[in-house]
Amino acid sequence: MFLRTLITTIFFSFASCCYAATIDVYPGKGSIQSNINKAIGGDVLLIHRGTYKEHDILINKKLTLKGENFPVIDGELKYQLFIVTSDSVTIEGLQIQNTGRSSMTDMAGVKLLDVSHVIIRDNLLLYDTYGVYLQNSHYCFISNNVMLANAKDEINSGNGVHAWKSGNLTIKDNKISGHRDGIYFEFVTYSKIIHNISIRNVRYGLHFMFSSNDIYRQNQFVDNGAGVAVMYSNGVTMIGNTFRHNWGDAAYGILLKEISDSKIEHNLFVKNTVAIYMEGTNRIGVAYNEFDENGWAMRIQASCNANVFEKNNFQANSFDVATNGTMMLNTFRENYWDKYDGYDLDKNKTGDVPYYPVSIYAVITERVPVTMILYRSFLTDIMDQVEKVLPSIIPDQLKDDYPMMKKWDLK
Amino acid sequence: MIQIEKLTKSYGRFKALDNVSLGFDKGQAVSLLGPNGSGKTTLIKSILGLVIPETGLIKIDGNSISSDCSYRSMIGYMPQIGRYPDNMTIEQVINMIKEIRKDCTVYDDDLIKGLGIDKVKNKSMRNLSGGTRQKVSACLAFLFSPEVLILDEPTAGLDPLSTELLKEKIMSELSKDKLVLMTSHVLSDLEGLTSHIVYLQDGKLMFYKTVVELQDVTGETKLNKVVARMMQYQLPVNDHVL
Amino acid sequence: MRTIIKYVSLDLLRNKTILIYTALLAAISIGVLNMDDNTSKGLLSLMNITLLFVPLISILFATIYFFNSIEFIELLLAQPIKRNKVLLAEYAGLVLSLCAAYAVGVGLPLVILTKQMAALVLVVNGLLLTLSFCGLALLIFVLCKDKTRGIGIAIITALFFSLLFDGLLLTFIYSFSDYPIDKPIVGLVALNPIDLSRILMLLQLDVSVLMGYSGALFKKLLGSTTGSIYAVVCMLFWVAVPLIVSTVKFNKKDL
Numbered sequence: 001m002f003l004r005t006l007i008t009t010i011f012f013s014f015a016s017c018c019y020a021a022t023i024d025v026y027p028g029k030g031s032i033q034s035n036i037n038k039a040i041g042g043d044v045l046l047i048h049r050g051t052y053k054e055h056d057i058l059i060n061k062k063l064t065l066k067g068e069n070f071p072v073i074d075g076e077l078k079y080q081l082f083i084v085t086s087d088s089v090t091i092e093g094l095q096i097q098n099t100g101r102s103s104m105t106d107m108a109g110v111k112l113l114d115v116s117h118v119i120i121r122d123n124l125l126l127y128d129t130y131g132v133y134l135q136n137s138h139y140c141f142i143s144n145n146v147m148l149a150n151a152k153d154e155i156n157s158g159n160g161v162h163a164w165k166s167g168n169l170t171i172k173d174n175k176i177s178g179h180r181d182g183i184y185f186e187f188v189t190y191s192k193i194i195h196n197i198s199i200r201n202v203r204y205g206l207h208f209m210f211s212s213n214d215i216y217r218q219n220q221f222v223d224n225g226a227g228v229a230v231m232y233s234n235g236v237t238m239i240g241n242t243f244r245h246n247w248g249d250a251a252y253g254i255l256l257k258e259i260s261d262s263k264i265e266h267n268l269f270v271k272n273t274v275a276i277y278m279e280g281t282n283r284i285g286v287a288y289n290e291f292d293e294n295g296w297a298m299r300i301q302a303s304c305n306a307n308v309f310e311k312n313n314f315q316a317n318s319f320d321v322a323t324n325g326t327m328m329l330n331t332f333r334e335n336y337w338d339k340y341d342g343y344d345l346d347k348n349k350t351g352d353v354p355y356y357p358v359s360i361y362a363v364i365t366e367r368v369p370v371t372m373i374l375y376r377s378f379l380t381d382i383m384d385q386v387e388k389v390l391p392s393i394i395p396d397q398l399k400d401d402y403p404m405m406k407k408w409d410l411k
Numbered sequence: 001m002i003q004i005e006k007l008t009k010s011y012g013r014f015k016a017l018d019n020v021s022l023g024f025d026k027g028q029a030v031s032l033l034g035p036n037g038s039g040k041t042t043l044i045k046s047i048l049g050l051v052i053p054e055t056g057l058i059k060i061d062g063n064s065i066s067s068d069c070s071y072r073s074m075i076g077y078m079p080q081i082g083r084y085p086d087n088m089t090i091e092q093v094i095n096m097i098k099e100i101r102k103d104c105t106v107y108d109d110d111l112i113k114g115l116g117i118d119k120v121k122n123k124s125m126r127n128l129s130g131g132t133r134q135k136v137s138a139c140l141a142f143l144f145s146p147e148v149l150i151l152d153e154p155t156a157g158l159d160p161l162s163t164e165l166l167k168e169k170i171m172s173e174l175s176k177d178k179l180v181l182m183t184s185h186v187l188s189d190l191e192g193l194t195s196h197i198v199y200l201q202d203g204k205l206m207f208y209k210t211v212v213e214l215q216d217v218t219g220e221t222k223l224n225k226v227v228a229r230m231m232q233y234q235l236p237v238n239d240h241v242l
Numbered sequence: 001m002r003t004i005i006k007y008v009s010l011d012l013l014r015n016k017t018i019l020i021y022t023a024l025l026a027a028i029s030i031g032v033l034n035m036d037d038n039t040s041k042g043l044l045s046l047m048n049i050t051l052l053f054v055p056l057i058s059i060l061f062a063t064i065y066f067f068n069s070i071e072f073i074e075l076l077l078a079q080p081i082k083r084n085k086v087l088l089a090e091y092a093g094l095v096l097s098l099c100a101a102y103a104v105g106v107g108l109p110l111v112i113l114t115k116q117m118a119a120l121v122l123v124v125n126g127l128l129l130t131l132s133f134c135g136l137a138l139l140i141f142v143l144c145k146d147k148t149r150g151i152g153i154a155i156i157t158a159l160f161f162s163l164l165f166d167g168l169l170l171t172f173i174y175s176f177s178d179y180p181i182d183k184p185i186v187g188l189v190a191l192n193p194i195d196l197s198r199i200l201m202l203l204q205l206d207v208s209v210l211m212g213y214s215g216a217l218f219k220k221l222l223g224s225t226t227g228s229i230y231a232v233v234c235m236l237f238w239v240a241v242p243l244i245v246s247t248v249k250f251n252k253k254d255l
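Each protein sequence line maps, in turn, to chains U, P and A.
With this note's numbering as the guide, the letters of the first sequence map in order to residues 1 to 411.
With this note's numbering as the guide, the letters of the second sequence map in order to residues 1 to 242.
With this note's numbering as the guide, the letters of the third sequence map in order to residues 1 to 255.
Rather than coming from a laboratory, the hints here were simulated on the basis of the structure.
The beta carbon of each residue, even a glycine, is placed where N, CA and C say it ideally should be.
Incorrect hints may have been included.
Beyond 12 Å from chain P on every Cβ pair, some chain A residues (computed) [as the list claims (entries may be wrong)]:
| hint | residue |
| --- | --- |
| 1 | A27 |
| 2 | N48 |
| 3 | C99 |
| 4 | L108 |
| 5 | K115 |
| 6 | G152 |
| 7 | L164 |
| 8 | L170 |
| 9 | T225 |
| 10 | L236 |
| 11 | F237 |
| 12 | A240 |
Just some of the chain U residues that point at chain A, by a computed CB distance under 8 Å [as the list claims (entries may be wrong)]:
| hint | residue |
| --- | --- |
| 13 | G295 |
| 14 | S318 |
| 15 | V368 |
| 16 | V370 |
| 17 | T371 |
| 18 | M372 |
| 19 | I373 |
| 20 | L374 |
| 21 | Y375 |
| 22 | R376 |
| 23 | S377 |
| 24 | F378 |
| 25 | L379 |
Here chain U stands alone, though its shape is the one from the complex (with noise of 0.2 Å):
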């Protein structure tokens, strides 16, 4: 038994450092795609800088693809580029840009169907419709890549990573902007996105459904068209991520939908319509997140059970919290809101009176969204300072029995 490994062993590594080649290519002298079939698993091709003007470039064998001073590989707005159909094969340093748009077949930059092992790191992804397109597989390594595309709308266009019916993908160090959703996963589970920068997306700057299990934390999501959203998931990890400036009609920091048993934990949300909007989510631990400047800090709808806000700090927020729910079966506890107005006399650092974070304007405007009119008049200025004194509208099991007194240090 342990000869036979021991051969085994001695036989690849013989076979990797006597076997793999390096086939150079340079632009007019063979294609990629002849290279490819000229070549044998394990070996290196090299791509030397120059435009290359291939399509549909079929990647079956386990091969690394390597680029030097980033060589285009141009689609001519007209074509697909590359389909990886074999497991491990690495992608690197290339200029991947201008695929086709069609609406019968999804034009990636990158497509890997059924595969697992594949890296794809250190590309320009320019003008893609999609930029890495995954389906069906698993242990993929996506990273350092930049993904920028010019979207208009929604119907047109494609995402940056868009990875279905996958696991154990690591989405790392990427910059994607300007695509539909800037990462999409759909039935991907055991996976993470870490450090990526997502910007100003047409539509969402991560779009998440039916996806349990995976990670996200560092990550940026900035001025996206509708922020994230993150739908019929649970056991999703949000950690240490910043959503910033999701700013529009329909826009949210996060839009968390049919969600449970998850985390969001050390985010900073600042200039979001909303930053957190929840319907349907149970069982959440929204801790330690800085909430600055928001229309609105969170939109509880009366579907939400058993989640808990603690330790988070709620600033310059237009609104607090709003719900249209009277009852509230979810926890607040020992945040900081910086419109409390309360006392500590004991001396223990929280408030000695409870914080009721729903204004009454936003009870009003929740059930009678046309009221939003009056925002900022003196009238519901004056009607929240009475509503303050005397209670009588807002929900009034939703309340911080704990207030802070003094900012948490979320850095």
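Assemble the complex: chain U is given as a structure, and chains P and A must be docked to it using the hints.
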């Protein structure tokens, strides 16, 4: 010169002027007399166009005053209470009126000098006494040598010296064939000035006669005595009416 | 007419109340703008101050001023000038000085400390509010005989527009919330210059998105230039209508 025909004005149920007809001519010095609320000020204000009459007509030189405001260039008006914008100086007020009356370039500044207004011309209106304000009003009324002078309580609040000076000025204007209409409670101030007396009560014209006529009827020479007599003579009639 | 305007505004520019008003506005503006490094937040605070104080002070000061000038107006009317000219000149003189106060007190600090379009809109708003509420004061002066009653009505008017109207609007929205009332609401808002000015200001700031959130019509109308033009035109009506009514009524007024 001024014709008033069947003038009626009421404030709510109170009749300030009740069917009053009068005619004034050049060279006359008419005193409007009557108790408080008898309609003197309303009559003056009607002539000035400040009060809009209900019925009746006022004509000046044959033209109705309701259509055109230019007739007021013929009138110098000294109001009962003169109040001016607080922060204007006397000089500014005078200059402003001069600028408004561009039609007139010859100024009669006898009173400005005589009353010593030119010496305090840089004082602002806020700091002036009631008497000094009255003096300013007088100066403005005479400034453009108008054909008609309307003086509402001209001597109220003036010191005796200024009163004398004002009277002399009125006399000199009368000698130039001007029409002077005035009201006063101090009848002795009107002594020797008045040629005609209009007596109003409850908005009705009681009498309109020359001083000479009245002196004949009553046998008195002093103006206050004459008026007192006339009132005695009139009052029983009124009581009877009431 | 120009003469009267000149002298009236010269007089008012030395008026203590106006000077204090200017100084107060300037102090608040500079304070608010320096306190916050975020200008659009500072602008919002300044907007609140403008919406609250400018109408109240304009209408109160103007009413008192007009009633105090009644003897002066009589003196002017004894001159060969048309009634309308005297009235409009008084209004113009007053408005000039109050606008100057606002421009110096709020406009100048804004120009120096911020470089936003919204700042300009705020100043224009303040000026329009001054114009319309002085116009309302003129109307009160023309329609009322008595100074005390006039001041009372002025206070009620200011209170009505800054508070009561919104209360009624809210009641209206609440009672008819089952119906499509977007359009009537946009129409009703035009009946209050303070609401118009608030909306006009909000449209310049990014918080207007919060309003768009509540309905398609708001988004369409208030989110576009049409919304701003609509608000400005309505505001101009609020300046013109009281003035026109005042001059018509003044021709019949006994002094």
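| request: Verify the interface restraint on L379/U: the C-beta must sit less than 8 Å from at least one C-beta of chain A. | output: With a minimum Cβ separation of about 4 Å from chain A (threshold 8 Å), the hint on L379/U holds.
| At a threshold of 8 Å, is the proposed contact between Y375/U and chain A supported by beta-carbon distances? | 6 Å, holds
| field | Reported absence of N48/A from the contact zone with chain P (all CB gaps over 12 Å) | value | 32 Å, holds
| Interface restraint verdict for L374/U against chain A (beta-carbon cut-off 8 Å) | 6 Å, holds
| query | Is A240/A truly not at the interface, in the sense that its beta carbon sits beyond 12 Å from all beta carbons of chain P? | reply | The claim stands: A240/A keeps its Cβ more than 12 Å from every Cβ of chain P (closest is about 24 Å).
| query | Was F237/A rightly flagged as not at the interface, with every chain P Cβ beyond 12 Å? | reply | Fine: 29 Å to the nearest Cβ keeps F237/A off the interface.
| message | Just to be careful: measuring from the Cβ of G295/U to every Cβ in chain A, is the smallest value less than 8 Å? | response | At about 5 Å, which falls below the 8 Å cut-off, the nearest Cβ of chain A leaves the hint on G295/U intact, so it holds.
| request: Classify the hint on S318/U as holds or violated, based on whether any CB of chain A lies nearer than 8 Å to its CB. | output: Given a least distance of 6 Å, the restraint on S318/U holds.
| message | Restraint: I373/U near chain A, CB-CB cut 8 Å. Satisfied or not? | response | Holds, about 6 Å.
| M372/U as chain A interface residue, shortest Cβ-Cβ below 8 Å | 4 Å, holds
| request: Verify that the Cβ of A27/A lies farther than 12 Å from every Cβ atom of chain P, and report whether the claim holds or is violated. | output: 23 Å, holds
| Taking the minimum C-beta separation from L170/A to chain P, is that value above 12 Å? | Non-interface label stands for L170/A: nearest chain P Cβ at 40 Å, farther than 12 Å.
Hint violations for this structure: none, all hints satisfied.
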